[in-house]
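Trainee: Next come the chains, spelled out residue by residue.
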Amino acid sequence: MSAIVKVDRLEKTYADGFQALSSVSLDIAHGEVLALLGPNGAGKTTLISTICGLVQPTGGSVHVDGHDIAADYRQARALIGLVPQEITLEPFDKVISSVRFSRGLFGKPRDEAHIERTLRQLSLWDKRNSRIKELSGGMKRRVLIAKALAHEPRILFLDEPTAGVDVELRRGMWDTVAGLKADGVTIILTTHYIEEAEAIADRVGVINKGRILLVEDKDKLMARMGRKQLRIELHEPLTALPEGLSGHDLELVDDGAALVYTYDTAGPRTGITRLLSDLAAAGIVLRDIQTSQSSLEDIFVGLVQEEDAA
Amino acid sequence: MTGPNWRGIGAIYRFEMSRFFRTLLQSFVSPVISTSLYFVVFGAAIGSRIEQVEGVSYGAFIVPGLVMLTVMTQSITNASFGIYFPKFIGTIYELLSAPVNFLEIVLGYVGAAATKALFIGTVIMVTASMFVEMQVMHPFAMVAFLMLTCVSFALFGFIIGIWAENFEQLQLVPLLIVTPLVFLGGSFYSISMLPPAWQTVTMFNPVVYLISGFRWSFYGVADVPIGLSLLAIGLFLGLCMAAVWWIFRSGWRLRP
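Residue numbers (this note's numbering), protein chains in the order written: chain C, 1 to 310; chain L, 1001 to 1256.
One chain only, chain L, in its complex shape (with noise of 0.2 Å):
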């Protein structure tokens, strides 16, 4: 066998993605049922007393926050639990024992877990274009931004995966870290209602850099420039890279 293993990647990613489909009532309704009750509560209950934010209704202001939440949950948690069940169930042997680079393996659990979180992605956006009106200013960023997010949430995911020695740490860096820093990173509100001094303060939360671009694509309103957000993005990713590379080549909790 000569140059890179597809079939080994296409293995992989058929296996993670009937996981997915074996339980597609579960993946699809309960992010519809989730985004509606947050409009339910945020649009209709709590956005109808507010006003516009940067010219936005707070409803459809909402919206790209809303799927990042989902989408950076979504793709840590497939590929986290993608890998780190094959290593609870002792199936891990046969991927270590198999002809496929990390690269490879990677790129089938990674391309996995991302398709699910770009599909529930997708899945929101389409919940939420019946609550509110919106409008998307920059397909093409839109669709980058989201797609980056995925893949580089899905690697992030991946390493927690690796990590994770039980399954409470599994869901330890998503509940403790993940989740509060996107509701604290402008999901719900724009980081210029905040008092200067926690204005500072969010600037260090990287998700702010994410929502703000993700929005940006939608409304053309920034809390930081876009630039900004796309080397944020950039910057996650190749870190991630770099640890999952590292990790390969060590063999760190996979190859003692």
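Next comes chain C alone, as it looks inside the complex (with noise of 0.2 Å):
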């Protein structure tokens, strides 16, 4: 897949000193969605805004379409959506007008049937004429994405586009963003909910402390950094592992009451069948077992935390 967003060794430290994105390298696929996670102050928003036009670079460039975002801004922006992380509209003014002027803005020609199928899309057809200080939260959240889509932008940045927002419009969002996926839009979107990652990205980017910290394919970095868990229910409590069983990575927890096995399931062998054949060996009995796999939440505060504390 050839890149459509192209960042290359970004730099943006602040008048104050801070430094909010550190050499930050990323290619973007087309029609990928990209969910970029981290803490709050990574430097998410920051590295979506210098892409948009909003913050100025230190260092640094970044190419959208091979249109360098700063010597050609014209045809960078004229691809771009964004969808802000705080709700900002102007409050007097009607759903659709607010959406024709998008679109006016980005100096496309007025096509209303563009702009009443993007309105369906969002369910806010019905709302076009209403003023957007009568909306209630999640369809002002929509009117921003109406917008951000009025000049059909092939690439869509989405800042915390679930921030707040109740489950179940959660999963109108997601809806959404298949729907725009499915029509070639590529996506990028952050945000800080593990779930949301794991529900709508091809690729997930780790970003702490300004550094991408990875990017990597969802499925893969589940398979590569997921790790499955043993848990074995003792009939009776243990006071130390027996000599027979260190050869496993096992762990003795409840004081004494469980077992916990830690595999990989990438590896060519799990080791369970050796476990429990050496269990019954050294006359261990078993009430119960069961097993968890790690979640991409468990990956992601164990990246943060390692580079914490590096």
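One thing to keep in mind: the hints can contain errors.
Stated by the list, open to error - Quick partial rundown of chain C residues pointing at chain L, CB under 7 Å, derived from the structure:
hint: 1; residue: L54
hint: 2; residue: V55
hint: 3; residue: R74
hint: 4; residue: P84
hint: 5; residue: E86
hint: 6; residue: L105
What the hints assert, rightly or not - Coverage of chain L stretches by chain C, computed from C-beta distances (three or more under 8 Å per stretch; other residues unrestricted):
hint: 7; segment: 1004–1018
hint: 8; segment: 1087–1098
hint: 9; segment: 1246–1256
Just so you know, the hints here were simulated from the structure itself, not pulled from any lab data.
The model shown is predicted, which means the values in this text are computed figures rather than measured ones.
The beta carbon of each residue, even a glycine, is placed where N, CA and C say it ideally should be.
Hints given; two lone chains; assemble the complex.
Mentor: Structure below.
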């Protein structure tokens, strides 16, 4: 897949000396959904804002479909739609005129059919003549998306699209993203909801302290870093691990009432069969066993903690 | 997209004008009422006791100054509010991420603010003509002066709107600087009526040149030569344009 957005060693240091982005390099492929995960203040919004032209970079470069965002800003920006994190709308404006304004601002000729399609897609058509101040929070957020889509961008940046949104609306937003992806729009979203990245992203990038820690295919990431645990409840508590079990990655927990075995799902062998036979040989009687898989959240927390410790 | 983003300029212009039309009654009625009040107070009550100024009746003499006072204040207020409000509520992000350059943004905002001021200036002149007998000796010069003033003060207002970090600051410059300068700039009197020492001081007030030139286009009388008036407004316009150019180039208060 070829990159539609190429970020190369992007730097941003604010006037007060705060370094928000530190040599960020990132390729975003045509038509993918990339989720940028990171704690608050990690640099997610700065990265998006810099690509979209709201923040001036202090180093590095960004190319959008081959256009430099500084030298060819017209061509670059014409391809991008931005949905900001905060709900920022002119309260007295009508929904439809606000969307028409966005289209005009991006230099596109009037196209009522496209605007109707966009508003219908976002369930806003019935509200087209309402003033923005009359809308609910969820609707306002959809108006922001409609405005960002008004000029038919090929790349859409969603900055925390579901922050402070209830579960139902969040699922609605995910459906919207899926629909846009089906239309061929490349989507970059920031979030700190892991489940969101897990649900809709093709790739996941983890950013912390202005640095990209990793960018990987979501499924590969889960497989590569996804470790499974086998929890074995014991009939009789143990005070220490028997000699014969020292070769296994075992941990005694709950005051010896259970054993936790950690194994790699991507490895050639899980080692479970041998563990179970060794347990039987050691005369340990089992009461119950259960397995659990680490989520993207565990991976993310692990990465960020590693970074913080470094 | 190649060439200027005309549709972008049009979108900003229409957006700004729609705000004006939403409050048309207020935009239209308030200048009519305030102008009428000025004429009742200065024209009828006080003016009847003042003899002619430079050969013009006092009521008619104050019309150009009155128009200038309103036009300058309106240009500044409209343009400064126009760009400050998006900054305040955050909708500025759209402007900054759109394929528009600074000249196009300025054309949209300043064009709309100047149009509004021009409209109100015309309303005042029409209202004034109901109270006093007016003549316009140099109509082209009058229109040119009016438009130049609208544009340059709208530009000035635009700068204030970008500079201001709260509503208080937004009001500060028009209230504390522009209004006194206009009042002391010969809106309601001829500079020659002042003591010599004050005449010298007044010459440092840039508004004097604008009002003098504008009044010249009506009655052919001026406090300062017309060429100097044109130079003054040209200089002011140039300064404002340079400032706006620098603001967008540096990203000052817009792009961190």
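Trainee: Starting from the hint list further up, note which numbers the structure goes against and sort them upward.
Mentor: As far as the earlier hints go, not one is violated by this structure.
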